[in-house]
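J.: Protein chains in written order, with our numbering: chain B, 1 to 286; chain R, 1001 to 1224; chain F, 2001 to 2215.
There's no promise every hint is true.
The following residues of chain R were derived to be distant from chain F, with all beta-carbon distances above 12 Å [claimed, not checked]:
hint	residue
1	1005
2	1039
3	1077
4	1085
5	1149
6	1167
7	1169
8	1176
Below, a sample of chain F positions facing chain B; criterion: calculated Cβ distance under 10 Å [unchecked claim]:
hint	residue
9	2164
10	2167
11	2168
12	2193
None of these hints come from the bench; they were simulated from the model. Since we're looking at a predicted model, the values are computed, not measured. The beta carbon of each residue, even a glycine, is placed where N, CA and C say it ideally should be.
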Amino acid sequence: MAGSAQILLPSEVRVRIATTTSLYATGLLDYLAEKFEEEHPNIRLEFIAAGTGAALRYAERGDACMILAHAPILEKHYVEKGVLEDGEIIAYNYFIIVGPNSDPAEINGSSSIIEAFRRIYSAGELGEAFFISRRDLSGTHLRELEIWGRAGLNPAGGGWYREAAAGMEQTLIIANELSAYSLTDAGTYLRLAREGRVPRLSILYANPEDPDAINIYSAYLVRGCSGDERRYAILFLKFLMENQRMIGGFGEGEYEQPLFHPAEGRLMELKDLWSRLASGMEVDNP
Amino acid sequence: MIIIKLRGVWHHYPDASSWALKDVSVELGSGGITLVAGHNGSGKTTLLKIAALIYRPTRGEVTVNGRDFWILEEAEKIMVRRRITYIHEKPVLMRGRVLENIMYPLRIRGLGREDAAMKAKMVMRELGLVDLADKSARELSAGQSQLVAIARALVAEPELILLDEPFAHLDSWKSGLVAQALQARMRNGVGIVIASHSRGELPEGLEPDRIIVLEDGRIRETRC
Amino acid sequence: MSLALSEILDVTIRSLYVSGLATLLSASWSIPAAYLLSFRRRVGVLEAVVESLVGVPTVLLGLLLYMLLSSSGPLGFLKLLYTPHAIIIGQSILITPLIISTCYRALRVVAAPYLELALSMGASRSQAMMLILRESAPGIAASAVMGFSRAVGELGIAMMVGGNIRGSTMVLTTAIALGVTRGEFEAAIILGIILLALTIATAVSMKASMGVRAL
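Just chain B, with the same shape it has in the complex (with noise of 0.2 Å):
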């Protein structure tokens, strides 16, 4: 759990978002946060990171006034039982698998991210590969769920199918120990990499062409939210939408490729993508 502690001046009002542990470990937001702030003197953004499913309850207890998440079909579901507003996509990467060097399961190549992961089954049932899964219902582990749904499969009771319920780093880091592979977002992976934590990991599949591997970035208000918060809270809304670039343009310099994408410019194939993937339906290659 994470946030911005500082001391409220009286005349500040703060603005509570909820946000996933991967999203915030990115550095993103307190960036945002800093130059919104700089613009706004007398807000406080404040956010409390937590898994997604916690997440969510926190803002279905009225415990945030905003979230922003990266799993459609939870998100969805949030939304039709009435806890969030409709939501804005304000970014987007992509989902990557990262495997042992040698890549046992010869995954590299493969068309598409549901083909990776048959290979990555067959390999595992032949004793050849491992894979670790997050087991936490965050964003990573949904899609990571809904691909091997979509590619027919069912890896459970499998010996090399290991649920790790660990957050995205630390699953990163037991893939390492037992050189297993493992699906997720590509800023975790490069920022443990550049720190030489990994080494026995590599990317072996990251196609941002792929519609299964694309990961969508949400804000939400959250209903029941009132006030002078909700005003800001609608205020920083209303400042990522408008501050795409400055999303584009995070981490430039630091990293090869860029962490996010703004989601401006491809705003209408996202939104078809989310209710998609919200709907844990085929998604058809463009």
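Assemble the complex: chain B is given as a structure, and chains R and F must be docked to it using the hints.
T.: Same frame as chain B, now just chains R and F:
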């Protein structure tokens, strides 16, 4: 027959700055009753504990039948200690039943349960403790605890018994029982040393053959 | 997270096994250490250090142990990381100061007078030690129970060196943490109740076997 000789003994406790005993030389042993008299803080307990071979004096010599005790081998020390018994002013009993407590000295000497129990019960009869055999040691009154401690001391048939203010918690009836038990031992040649404030505290029948008066850690006088 | 009975059972048994073993392991060196300490005169500084180590944050200890056991760490060749053994080792280290200090306090009171008693009755060194340990048995048992409670309720070590892997290193505390992460608060609370029940049951059965009558 056992004779314990203290020669030029000085003692102070590890955390204390003053001497508890100063230049004490005395002989204690089998046969007869010795009263060590003195006020609180005069050094009675220290003297008894050194004579009982529990404390090693800071300075001075302690010999048993002519041999320097504190340079003996561990095993020999244990054998010698088994011939002497010291009874604390405040009885220290073990968890468990009264019978187990009294049997303890016999058990550590290797005696079997049945024999130990038998001997223990004999001493308990002497001191009127038979009814208490199965009671938990923690449930006893101060007087009863003292009797149990004394019974425990007597059961292993020591040659020298050192008692530290034994009659403090005993009513006259119990004191009488203890006096009788001690007299019986004395008649068999056992040495008795009692630390007390004054002679007046001793019950009927225990006439000291010798009185050692301690004041401020020193032997002020010896009377026979 | 399915609250299948089999999984609850699996996690509970593992918690008992891991923390139970850690307690036995730690006791094996902590009780003798406390025994030796109880005879020393100048323990002031040592006592203070040990007592302050009782409160070491589990996540810190977990982190240090992780760095030792990770494959890029000095003990990586042991391949202990992400196995129950790593948790057992970590927890046994965690509860050592706790067991030493509580045992020491129990023994301290008992050691001096009972040593004297033992000597006055002509007991040998080992007989004296047996006597002292017997007399302090309730206190020693209490320290073991406390150690077990701390071990079974800690999260930081189990998480960091265990990895919370289903079927192999998931214990009650890490399962609770997972429940919270997934937003399944109700399931987490149920597991929490099981954990508490376990701790209470251990304490009660320990007291009972010591014989409540003997204070």
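J.: Please go over all the hints and tell whether each is borne out by the structure.
T.: Now for the hints, and whether the structure bears them out:
Interface exclusion of residue 1005 of chain R from chain F stands, the closest Cβ pair being 19 Å apart, more than 12 Å. The claim that residue 1039 of chain R lies off the interface holds: its Cβ sits roughly 23 Å from the closest Cβ of chain F, which is beyond the 12 Å cut-off. Separation of residue 1077 of chain R from chain F is inadequate, the least Cβ-Cβ distance of about 9 Å not exceeding the 12 Å criterion. The beta carbon of residue 1085 of chain R is not kept farther than 12 Å from every beta carbon of chain F, the shortest such distance being approximately 6 Å.
Not every Cβ of chain F is farther than 12 Å from the Cβ of residue 1149 of chain R; the closest lies at roughly 9 Å, contradicting the non-interface assignment. No beta-carbon of chain F is positioned within 12 Å of the beta-carbon of residue 1167 of chain R; the least distance is around 19 Å. Every Cβ of chain F is farther than 12 Å from the Cβ of residue 1169 of chain R; the closest lies at roughly 17 Å, confirming the non-interface assignment. Non-interface status of residue 1176 of chain R relative to chain F is upheld: no Cβ of that chain comes within 12 Å, the nearest being about 25 Å off.
Against a cut-off of 10 Å between C-beta atoms, the interface hint on residue 2164 of chain F holds, since the closest Cβ of chain B lies about 4 Å away. Annotation: residue 2167 of chain F was flagged as interfacial toward chain B, and the flag holds, the nearest CB pair being 8 Å apart, inside 10 Å. Contact between residue 2168 of chain F and chain B, as hinted, is supported at the beta carbon level, the nearest pair being about 8 Å apart and thus within 10 Å. The restraint placing residue 2193 of chain F at the interface with chain B is violated, with a minimum CB-CB distance near 19 Å, outside the 10 Å limit.
Against the hints set out earlier in the document, violations occur for numbers 3, 4, 5 and 12.
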